[in-house]
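Residue numbers (the working numbering), protein chains in the order written: chain A, 79 to 579; chain B, -6 to 146.
These are calculated hints, taken from the structure and not from any lab test.
There could be a bad hint or two in this list.
[Said to hold, decoys possible] Heads up, simulated EDC-like pairs for lysine to aspartate or glutamate below, C-alpha to C-alpha not over 16 Å straight-line:
| # | chain 1 | residue 1 | chain 2 | residue 2 |
| --- | --- | --- | --- | --- |
| 1 | A | Lys506 | B | Asp70 |
| 2 | A | Lys507 | A | Glu302 |
| 3 | A | Lys506 | A | Glu323 |
| 4 | B | Lys73 | A | Glu302 |
| 5 | B | Lys(-2) | A | Asp509 |
| 6 | B | Lys(-3) | A | Glu302 |
| 7 | B | Lys74 | A | Glu302 |
[What the hints assert, rightly or not] Per the computed footprint, the stretches of chain A lying under chain B, defined by three or more beta-carbons under 8 Å from a beta-carbon of chain B, are:
| # | region |
| --- | --- |
| 8 | 265 to 274 |
| 9 | 524 to 537 |
Yeah, the Cβ is synthetic: ideal placement off N, Cα and C, and Gly gets one too.
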Amino acid sequence: MDLLSNFCLAFQVALEPVNIFLCFLGCLLGTLVGVLPGLGPAASMSLLLPITFSLPPESAIIMLGGLYYGTMYGGSTTSILINVPGEAASVVTCLDGYQMARKGKAGQALGIAAFGSFIAGTFGTIMIMVLAPPLTVLALKFGPPEFVGLVLLGLTMVTYLSRGSMAKALMMAVVGLLISFVGTDLVTGRERFTLGIDTIAGGFDIVPIAMGLFGISEVLLNLERSEEVREVLSTRFRDLLPSKEDWKVSSGPIARGSFLGFFLGLIPGGGGLIASFISYAVEKKVAKHPETFGSGDIRGVAGPESANNAGAQGAFIPMLTMGIPCNVAVAILMGALMIHGVLPGPRLLDDYPRVFWGVVGSMYIGNLMLLVLNLPLIGMWVRLLKVRYSLLFPFILLFCLIGAYTVGSNILDVYMMILFGIIGYLMKKYDYEPAPLVMAFLLGPMFEGALRQSLIISGGSPLIFFTHPIALSFLLASFIILGSPLLLQLLGRKRPDLGEY
Amino acid sequence: MNNKKRDLVSSMIWMALGALFTVGALQQGLMRKGVPGPGFLPFLSGLALIFISLFVLIPALRQREKETTSQFFPEPDSMKKLSLALVALFAFCFALLQIGYILTTFVFILFMTRIMEPRGWLTSVWVALLTSALSYFLFSLLEVQLPKGLLGF
C-alpha cells in the first residue's frame, strides 16, 4: 500500500459522519477534562470505556483518541490561566505560561499554545503516515539494554526538571519504583511486598494513585485557603492571535518541539509528559538569552506545548505497531482495541487497515476541531474557570470519586485514591513532587523487566550495558545529568532553578 | 522553602521506607546463578532511597534554625476545612454502597457546597439536586455501572 492510498483510506474513515461526531465529542470532553483539574486523561478515558463497547473499533479509538489530545489542549488553558496544570503534561506550561498571563499576555500564551499544538499535531499526523512502516522495524531493534538506558534517562529528565530539591524529586522517583514492585512478580509469579493483603496482590493501579496524588491532593491543598488567593487571570482575550514578533520567536521552538516531541513520544515511557519537559530544557539551552525563561518567555510555552501534542501523537505508534503502550492513556486505548478483538501489534497495519488509518485520519480532524474549540470558544472555558472554586471543587471531587470507582467497580480503589490524596497533600506540604513518583511507577515494570532481561542475556554481567553503544550513551547521559547538580547541592551551591510556580 | 524540621522528619520517613523495602527484598532473593531475582531491583532501589535521603537529611541537620518556619496550616480554620473534607470523602465511599449513588451524591454535594463556604440553603439544595440527577442521567446514558444501594436506586 502506498502513501496516497493510505492517505485516502485515512480520511475516508475519519470523515464518516459517525466518526466526525465521536471525534468532536471526544475532543470536547477532552478539553473539559483538561481544563478541570483533578481528572486526567486516563481516568476520564476509563470512564468512557464502557460506552465504546457498542461502537466499531475504529470509532471507539477515534473518540478516545480525541479525548486524549483534547486533554493536552485543555490542560494548557488551566496552566496558563490559573497556574494549575490540567493534567501532568501541562506542568511545564505553567512555568512561563502563567507568568505571561500575569503580565497581561494570557491571550498570546493561549494563542501560541493552541497554534503550536495544532502545527505540531498536523506534523505528527503526517509523520505517522510516512513513518509507520519503517518505524516498526527500527523499534524492534531496541533490546532490553536500550530500554533500561531509555527509562533511566527519562526518569533523570523528570527529576532534573522538577522544581525545588532534585534530591527530593529523585527520592520520589525511587519511591514510585518501589510502589510498582508491590504485587505479583511477573517473572516468578510470586507475590512481593504485599504483606498478605489480598487487594494489593495484583499491585497498585495507576488511576487511584494518579488521581489521588494529582487531583485529590490539589483540592485538599486549595481547601486550606480562603477564596481570594485563587485568581483567574483573564486580561485581554482580544489578542489571541500571536503577533508577528511572537511567531518569529516561536517558530523555532514550535518546529523543534514538534520534531522532538514526536520522536520522544515514540519511545516507550514517552508521550506528552517527557516531550514537554525535554522541549523546555532544550529551548532554554538553545536560547540566546535564557534568563527570561521562567518569567514569561513565550518560547517556554510554544516549545513544550507543541512537543506535548506531537508527543501524544507519537505515543500512538508503539502501541499500534508493537502493542507496547507508552503511557497509561495509550494503554487504555489499547485495552479498548483488545476488547473489540483487534490485536495491536505488527499485524495491525495489515489486518485492520481501517482501524489504523482511520485513527490517523481523525488525528488530523481532531486537531482541527481542537483549534476551534480552544480559541474562539476560549471564553466559555474561562467562564468555567471563573466559577468560584468553592462551587467547583465538589464536582472535581465527585468526578474523581466516580472515576476511581469505575476503574474496576471496586470501592477499594476509591479508598486508595483518597489515601494517596492524603499522601500527596503531605508530600506537597513537605516539598516533594508527585510527578516523578507517578512516572517511575508507570515505568517500573518495564524498567525492571528490561533490567532483568538484560542481565539474563549477559549471564549476570553488567558489562552488557557497556557493549551496547546506544544503551551506554543513554546511561552516560543520565549520570551526567544526575551527577553534577547533586554535587553542587552537596557543596551548598544551587543548580539553576527553573522558576517557581 | 527550606524547613529544617520538615526535611529532617520527611527524609527519615523515606529512609525508613527504603530500609523496609531493602530488608524485604533480601527475603525475596537477589540473585540466583547470575539471574536477578525478584528482590534484585527492589534491593537496589531501597538502598538508593536511603542513600539519596541523606542528601536531604544532612543539609537539614547542618542548617541552622534561623530560617522562619512557615505554619503548617496557613489559616486558622484550615484544619477544620481539611478534616471536614476528608470525613466527607470517606463517608461518600462508605455510603455509596449502602444508600446508592443518587442519594450519596446529593448529600455529598449538599454538604460540600454548604459547609465549606457558607451560602444559602436553597442554592446548595438546588445544586446538589441538579448534580445528582444530571450526573446519574449522564452516567446511565453512558451505561456506567453505579451502585444502587439498599433502597433500590
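For each hint, the structure was consulted:
Only pairs whose Cα atoms come within 16 Å are accepted, and Lys506/A paired with Asp70/B is rejected, the gap being roughly 19 Å. For the hint pairing Lys507/A with Glu302/A, the CA-to-CA distance comes to about 12 Å; that is within 16 Å, so the pair holds. A threshold of 16 Å between alpha carbons decides the hint, and for Lys506/A with Glu323/A the separation of about 38 Å lies outside it, so the pair is violated. Using a Cα cut-off of 16 Å, the hinted pair Lys73/B and Glu302/A holds, with the two alpha carbons roughly 9 Å apart.
This hinted pair checks out: Lys(-2)/B and Asp509/A have alpha carbons roughly 12 Å apart, not beyond 16 Å. With a C-alpha separation of about 23 Å, the suggested pairing of Lys(-3)/B with Glu302/A is violated against the 16 Å cut-off. For a cut-off of 16 Å, the pair hint linking Lys74/B to Glu302/A stands: about 7 Å separates their Cα positions. Restraint check on the region 265 to 274 of chain A versus chain B: 5 residues with Cβ-Cβ distances below 8 Å, three needed, restraint holds.
Under a criterion of three residues with beta carbons nearer than 8 Å to beta carbons of chain B, the stated coverage of the region 524 to 537 of chain A is upheld, 7 such residues being counted.
Of the numbered hints listed earlier, those contradicted by the structure are 1, 3 and 6.
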